[in-house]
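Colleague: Note that the protein sequences, when read in sequence, are chains A and B. Residues in the first sequence are numbered from 904 upward in steps of one, following this note's numbering. Residues in the second sequence are numbered from 904 upward in steps of one, following this note's numbering.
Careful: at least some of the hints might be erroneous.
Claimed, not checked - Derived PhoX-like pairs: lysine-lysine, alpha-carbon spacing no greater than 20 Å straight-line:
#: 1; chain 1: A; residue 1: 987; chain 2: B; residue 2: 987
#: 2; chain 1: A; residue 1: 988; chain 2: B; residue 2: 945
#: 3; chain 1: B; residue 1: 988; chain 2: A; residue 2: 945
#: 4; chain 1: A; residue 1: 988; chain 2: A; residue 2: 958
#: 5; chain 1: B; residue 1: 945; chain 2: B; residue 2: 988
#: 6; chain 1: A; residue 1: 945; chain 2: A; residue 2: 987
#: 7; chain 1: B; residue 1: 987; chain 2: A; residue 2: 945
#: 8; chain 1: B; residue 1: 945; chain 2: A; residue 2: 987
What the hints contain is simulated information worked out from the structure, not anything from laboratory work. Bear in mind that the values here come from a model prediction, so they are computed numbers and not experimental data.
Number of protein chains: 2
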Amino acid sequence: MSKSEVVGLPVPQDGDVVPCCPPITAGELSRADAEEMAAMFKALSDPVRLRLFSKIASHPGGEACVCDVADVGVSQPTVSHHLKKLREAGLLTSERRGTWVYYQVAPSVVAAMATMLDLRG
Amino acid sequence: MSKSEVVGLPVPQDGDVVPCCPPITAGELSRADAEEMAAMFKALSDPVRLRLFSKIASHPGGEACVCDVADVGVSQPTVSHHLKKLREAGLLTSERRGTWVYYQVAPSVVAAMATMLDLRG
């Protein structure tokens, strides 16, 4: 039975892994941490991907299906490609319910990015 | 006389421009805001660039010259190239003093990125 077939419990998704790092003012990033964080920033380095991400983050209920976010001026396969990239980077989690896949922001991952950029620390 | 030749006053650098945006949970990013923010994330999407950025941010006094941050395993011209990209994206400001160029984190720009990723908002 695959992980996603466990029923009745919140299923840990890739995005729920809490990543590094302390605020950048606290010290120099290690090579490994830099690789990890750079991949997350890369996921948000495309304007269409960033708009999709903001649409999902601001959608009522904190989740959205592809049908809710597809109006960003690119084709449906391109939207799916971008959502996959965001998911692979751990910024989104997803869950299939019936016909649709629903996407949610992975709060711990996004919080880790915000923490790293917090200069007050 | 170029802007950088004005003496005796803090010279406004590109990085001092305060960028957009409200937290992503507050609403959908406009196309223009997404372009602007994506460029900033792109600047941090390279591991070496991210390490240089963290070295400068965590350096005593909040600034560093190239000589302070050059030990990231790439050539000096590559370091300079990355620092230029960070400066062009508005994440660093720079100031020549004598022989050396000193780099500082542009706090308002980094704070804007952190605010955008703040899910508590």
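Colleague: Sort out which numbered hints this structure fails and list those numbers smallest first.
Modeller: 1
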